[in-house]
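The task is simple: from the sequences and hints, build the whole structure.
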Amino acid sequence: MDIQKKQKDILGSLFINSIRVLFAILVIVLFLLIGKIVLEGIGMISFEFIFDEPKNNMTEGGIGPAIFGTIAVTIIMVAMAVPLGVFSAIYLSEYAKDSFFYRIIRTSINNLAGIPSIVFGLFGLGFFILFVGKNLDNVLETGLLFGQPALLWASSTLAVLVLPIVIVSTLEALTSVPKSHRDASYGMGASKWQTIKNVVLPQARPGILTGTILAVSRGVGETAPILFLGCAFFLPNLPIVDLCIGDYCIPMINPTEQFMYLAYHIFILATQSSNPTKTLPLQYGATLVLIGLTILLNITAIIFRYKFRKSLGRN
Amino acid sequence: MKELKITVKDLNLYYGAKQALKNITINIPSKQVTAFIGPSGCGKSTFLRVLNRMNDLIDHVNLDGEVLIDGINIYDKSIDVVNLRKRVGMVFQKSNLFPKSIFENLVFGLRLNGIRDKNILMETAELTCKQAAIWDEVKDRLDEPALSLSGGQQQRLCIARALAIKPEIVLMDEPASALDPISTAKIEELIHHLKTKYTIVIVTHNMQQAARVSDYTAFFYMGELIEYDKTSKIFTNPTIKQTEDYVTGRFG
Numbered sequence: 001m002d003i004q005k006k007q008k009d010i011l012g013s014l015f016i017n018s019i020r021v022l023f024a025i026l027v028i029v030l031f032l033l034i035g036k037i038v039l040e041g042i043g044m045i046s047f048e049f050i051f052d053e054p055k056n057n058m059t060e061g062g063i064g065p066a067i068f069g070t071i072a073v074t075i076i077m078v079a080m081a082v083p084l085g086v087f088s089a090i091y092l093s094e095y096a097k098d099s100f101f102y103r104i105i106r107t108s109i110n111n112l113a114g115i116p117s118i119v120f121g122l123f124g125l126g127f128f129i130l131f132v133g134k135n136l137d138n139v140l141e142t143g144l145l146f147g148q149p150a151l152l153w154a155s156s157t158l159a160v161l162v163l164p165i166v167i168v169s170t171l172e173a174l175t176s177v178p179k180s181h182r183d184a185s186y187g188m189g190a191s192k193w194q195t196i197k198n199v200v201l202p203q204a205r206p207g208i209l210t211g212t213i214l215a216v217s218r219g220v221g222e223t224a225p226i227l228f229l230g231c232a233f234f235l236p237n238l239p240i241v242d243l244c245i246g247d248y249c250i251p252m253i254n255p256t257e258q259f260m261y262l263a264y265h266i267f268i269l270a271t272q273s274s275n276p277t278k279t280l281p282l283q284y285g286a287t288l289v290l291i292g293l294t295i296l297l298n299i300t301a302i303i304f305r306y307k308f309r310k311s312l313g314r315n
Numbered sequence: 001m002k003e004l005k006i007t008v009k010d011l012n013l014y015y016g017a018k019q020a021l022k023n024i025t026i027n028i029p030s031k032q033v034t035a036f037i038g039p040s041g042c043g044k045s046t047f048l049r050v051l052n053r054m055n056d057l058i059d060h061v062n063l064d065g066e067v068l069i070d071g072i073n074i075y076d077k078s079i080d081v082v083n084l085r086k087r088v089g090m091v092f093q094k095s096n097l098f099p100k101s102i103f104e105n106l107v108f109g110l111r112l113n114g115i116r117d118k119n120i121l122m123e124t125a126e127l128t129c130k131q132a133a134i135w136d137e138v139k140d141r142l143d144e145p146a147l148s149l150s151g152g153q154q155q156r157l158c159i160a161r162a163l164a165i166k167p168e169i170v171l172m173d174e175p176a177s178a179l180d181p182i183s184t185a186k187i188e189e190l191i192h193h194l195k196t197k198y199t200i201v202i203v204t205h206n207m208q209q210a211a212r213v214s215d216y217t218a219f220f221y222m223g224e225l226i227e228y229d230k231t232s233k234i235f236t237n238p239t240i241k242q243t244e245d246y247v248t249g250r251f252g
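Line by line, the protein sequences are chains Z and R.
Numbering-wise, the first sequence is residues 1 to 315 according to the working numbering.
Numbering-wise, the second sequence is residues 1 to 252 according to the working numbering.
Please note that the accuracy of each hint is not assured.
Under the rule of at most 16 Å between Cα atoms (straight-line distance), these lysine to aspartate or glutamate pairs were calculated in the EDC-like manner [to be verified]:
| # | chain 1 | residue 1 | chain 2 | residue 2 |
| --- | --- | --- | --- | --- |
| 1 | R | Lys-9 | R | Glu-66 |
| 2 | Z | Lys-179 | R | Asp-59 |
| 3 | Z | Lys-192 | R | Asp-56 |
| 4 | Z | Lys-179 | R | Asp-56 |
| 5 | R | Lys-195 | R | Glu-3 |
| 6 | Z | Lys-192 | R | Asp-59 |
| 7 | Z | Lys-310 | R | Glu-144 |
| 8 | R | Lys-186 | R | Glu-137 |
| 9 | Z | Lys-97 | R | Asp-56 |
Label pairs and their computed distance ranges (CB to CB) [claimed, not checked]:
| # | chain 1 | residue 1 | chain 2 | residue 2 | range |
| --- | --- | --- | --- | --- | --- |
| 10 | R | Asn-12 | Z | Gly-12 | 50 to 60 Å |
| 11 | R | Met-122 | Z | Ala-79 | 35 to 45 Å |
| 12 | Z | Arg-218 | R | Lys-139 | 48 to 58 Å |
The hints are simulated quantities; they were obtained by calculation from the structure and are not laboratory data.
Every residue, glycine too, gets a C-beta built ideally from N, C-alpha and C.
Structure (structure tokens):
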């Protein structure tokens, strides 16, 4: 008996300690990675670096247009992916019956999440630019406006890329709303839509935001899907157009322009530059900004999520 | 028997191929408390849910027969389920307050009807809380989360919430089964007060509770209505042997 117990104790502590070691390795790798980038990149961060355009054959200057492009693409991506994803999830969880068709949709969503991102890039080129864009141009007689690589199509493609993430996390949030709460709502004479709008969705909001956070982080870091979709090598002018109503003009993101993208810019600096060693500090700086931007976007969403959770009365 | 509120004739209900209710015929009086008793799985909760068509929400449920409320068949095609459920409120086994403030829970039903006037909402909240004997406990904390209340308070708030839409009938599905004796006593007292205004149908596992709160008692067994009579008769002098065995605790 005693020997058996001792063996079990040893096995147990061995197990726990090996988990500790693995955990330590993970943390160390993460710290090394981020630490290196922070140490090398922090010196680059300055007002000029953040806001200026690249200069002198991209060996000097800043990354302003790339930051702007990244934020612009992300905003449009979220504006497309989140409503589409949330409504898809509502349909799947609240309205669709468990049928053959339903299972095909579910399987497709899961498979969509596993497709390599470069395939999305080619899909975006083929579908959005050559099919949707070209036909829009023909129908609207706008000349060559939509049928070329542009911010709009890059955002659309990234939206399709992150759609499964939004759908799956929203679905999980919706199905975790207790049946008893739906019963309470129906029991008071609420219609199906009223129940979804007043009971289910408010409780699912934190989950939907989690999906949005994940989607944003994924989208900001992607390079491959937007390679063919209007992501420019060097484009100092921001994709902005003045939207004028009478005398009032508001600068708006111009979705038909090309743009610079932070992740792509880092790739360019590292591989396509005339002098990669000279651009090394720029690469570190840009990487640090990219990581910082992702964290910033995440923190914003996390704050929102915290507020929603608090309004639900549980933390 | 006093004036009738609900009349059920030859009701059969099936979950897919399985028959859950067999030939139920019952007359439920207005402004009285009617209790459904019986062992688990006897169909009493299913039958309760027939009365406000909550079973509509479950797939593969079929039923035939007639359920008349004030003489009108609620399973008629012309009946709007949403309106029906406003007339027939429901309180569930476990408190199912929404994770919103106490006030928002109370006025949920009113908001569904598009009532926005702050005064009307406030008046109704106060009135129904007083009816549900919980006003003194919540009046100073209406903006606090409803889930911060104790279990017994939550269940009484659920009753208040159900009363806020001014139903004619209140269905209660084992409303006190998850509560301590003191909270249970409060709910029972409350039911006693409520029957002056509402027709109450209560499902309970607890036979003493049925004996205490109800005027009429129906005993269900295996999907059938075995016996239905005045509560005093069911508990002291039942006609059918099975009922006697159950109420005296010999089985179930």
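Cross-check of the supplied hints:
At roughly 5 Å between alpha-carbon atoms, R/Lys-9 and R/Glu-66 fall within 16 Å of each other, so this suggested pair holds. Restraint check for Z/Lys-179 and R/Asp-59: satisfied, since their Cα atoms lie roughly 14 Å apart, inside the 16 Å limit. Between Z/Lys-192 and R/Asp-56 the CA atoms are separated by roughly 12 Å; this keeps the pair inside 16 Å, and the hint holds. With a C-alpha separation of about 14 Å, the suggested pairing of Z/Lys-179 with R/Asp-56 holds against the 16 Å cut-off.
For the hint linking R/Lys-195 to R/Glu-3, the alpha-carbon distance of about 14 Å falls within 16 Å, and the restraint holds. In summary, the hint linking Z/Lys-192 to R/Asp-59 is supported, as the alpha carbons are separated by about 15 Å, within the 16 Å threshold. Our distance criterion of 16 Å between C-alpha atoms is met by Z/Lys-310 and R/Glu-144, whose separation comes to about 11 Å. At roughly 13 Å between alpha-carbon atoms, R/Lys-186 and R/Glu-137 fall within 16 Å of each other, so this suggested pair holds.
A C-alpha spacing of about 15 Å is found between Z/Lys-97 and R/Asp-56, which places the hinted pair at or below 16 Å, so the restraint holds. For R/Asn-12 and Z/Gly-12, the hinted distance range of 50 to 60 Å is satisfied, since their beta carbons lie about 58 Å from each other. About 39 Å separates the C-beta atoms of R/Met-122 and Z/Ala-79, a value consistent with the hinted range of 35 to 45 Å. The hinted range of 48 to 58 Å is satisfied by Z/Arg-218 and R/Lys-139, whose Cβ atoms lie roughly 49 Å apart.
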